[in-house]
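Chemist: Chain by chain, the residues:
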Amino acid sequence: MPQNMRSNAPGPPRFAETLLSLILPEEEKDAVLGDLAESNRRIFNQFGQTAANRAYWFELLRSSLPMLFLKFTRSSRRHRMMLSYGSVMQNGNCIALFGFALSIPALTLCFGGVLQSLGLPQVNNAIDFSTFMFNPTLLLGGLTLAFCLNLLSVTRISYQDGSLVSELRIKGRLLNLAQISFCLLLFSIIFLYFLAEELQLFAAFRN
Amino acid sequence: MTIGVFLNLEVSLNYLSRIEEVILLAVYQLHDNAYGVTIREHVAELMQKSFSVGAIYVPLDRLTRKGFLEAHNGNPTPERGGRSKRYFRITASGLEELERIKKLHQTMWSGIKELTVPSHS
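Protein chains in written order, with my numbering: chain V, 11 to 217; chain W, 34 to 154.
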């Protein structure tokens, strides 16, 4: 191999290098491209340009998936670590409103079930569906979800200095706090209802 | 418990995978000259098999996250198109892990002098 060819190595194929730079994670980009350029130069010195280019393309093909995986998992990890639920949906109120909306049908079912248990005839006819819909598991599940969603809208999760930090953003979130209180009230109602049912307190009203 | 804590929970493995083990050993053996190209060549020599760049850097990233390796960038060189090398160095935790693996292998292989086909009676 002539000396001048070694000193005038053309370098890796530009298009392949550009493709790789799109695939590679930011932290590894410089190092990996440099490693491949170094390997490319060595192969060029030994076997010529065609072999060097072919090896580079081959390396691109077999490294794409692992590097894409690394890029994806790293970005997901960083995203989770820096996650602020207020910014997930652009506005924490979106989460809070969704939780509030979820709590309304839950509340309706709750009162419907309570009234039906009291044996009021008008209520029985009007809300017959609640016999089917008033499923304690479904109701509690819905309320739990509503509560969590409202709690998430006022909580910021972030990863600082190697530790997970969560803080309650109370300032400016009075509406969300009201919604959390509302959900807690519903939980209490449900609990008291089941307690009363257990103690057969409603039997007195029915009679 | 907030969902953030739940989502951030990572399962920690007790043992390294085979490729992680080999890469950790390669970094140890290469001393101050452990970077992508040399690690890849050394691993290929140890395992008698060629590995892609991705197959080396993914375990390197895992080992770095686990604290067994630390990385630092070198100076850019013309033969690398003006790009710097990423050197890896084994940490004290990495050394402890290698020691643990070595003991494990010694324990597993103790008493086995020669591999023979077991006879079934």
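Heads up, a few of these hints could be off.
When the alpha-carbon atoms are kept at most 16 Å apart in a straight line, the in silico EDC-like pairs for lysine to aspartate or glutamate are as follows [said to hold, decoys possible]: (1) 81/V to 36/V; (2) 135/W to 54/W; (3) 81/V to 94/W; (4) 39/V to 94/W; (5) 39/V to 27/V; (6) 81/V to 37/V.
Cβ-Cβ distance ranges computed for the label pairs, FRET-style [as the list claims (entries may be wrong)]: (7) 140/W to 36/V: 39 to 47 Å; (8) 74/V to 48/W: 27 to 35 Å; (9) 21/V to 122/W: 24 to 32 Å; (10) 58/V to 62/W: 29 to 37 Å; (11) 52/W to 36/V: 21 to 29 Å; (12) 56/V to 111/W: 50 to 58 Å; (13) 97/W to 75/V: 15 to 23 Å; (14) 138/W to 154/V: 16 to 24 Å; (15) 100/W to 204/V: 19 to 27 Å.
Treat the hints as calculated values from the structure; they're not laboratory data. Even glycine gets a Cβ: it sits at the ideal position worked out from N, Cα and C.
Chemist: Run every hint past the structure and note whether it holds.
Modeler: How the hints compare with the structure:
1. 81/V to 36/V: This hinted pair holds, its Cα atoms lying about 8 Å apart.
2. 135/W to 54/W: This hinted pair holds, its Cα atoms lying about 10 Å apart.
3. 81/V to 94/W: Holds. Residue 81/V to residue 94/W sits at ~11 Å (cutoff 16 Å).
4. 39/V to 94/W: The hint holds at about 13 Å.
5. 39/V to 27/V: At roughly 10 Å apart (the allowed maximum being 16 Å), residue 27/V and residue 39/V satisfy the hint.
6. 81/V to 37/V: holds, 9 Å
7. 140/W to 36/V: 39 to 47 Å: At roughly 42 Å between Cβ atoms, residue 36/V and residue 140/W fall inside 39 to 47 Å, so the hint holds.
8. 74/V to 48/W: 27 to 35 Å: Holds - the Cβ-Cβ distance for residue 74/V and residue 48/W, about 28 Å, lies within 27 to 35 Å.
9. 21/V to 122/W: 24 to 32 Å: holds, 29 Å
10. 58/V to 62/W: 29 to 37 Å: Holds, at about 32 Å.
11. 52/W to 36/V: 21 to 29 Å: holds, 24 Å
12. 56/V to 111/W: 50 to 58 Å: About 19 Å separates the Cβ atoms of residue 56/V and residue 111/W, which means 50 to 58 Å is violated.
13. 97/W to 75/V: 15 to 23 Å: For residue 97/W and residue 75/V the Cβ distance comes to about 20 Å; the hint holds.
14. 138/W to 154/V: 16 to 24 Å: violated, 49 Å
15. 100/W to 204/V: 19 to 27 Å: For residue 100/W and residue 204/V the Cβ distance comes to about 50 Å; the hint is violated.
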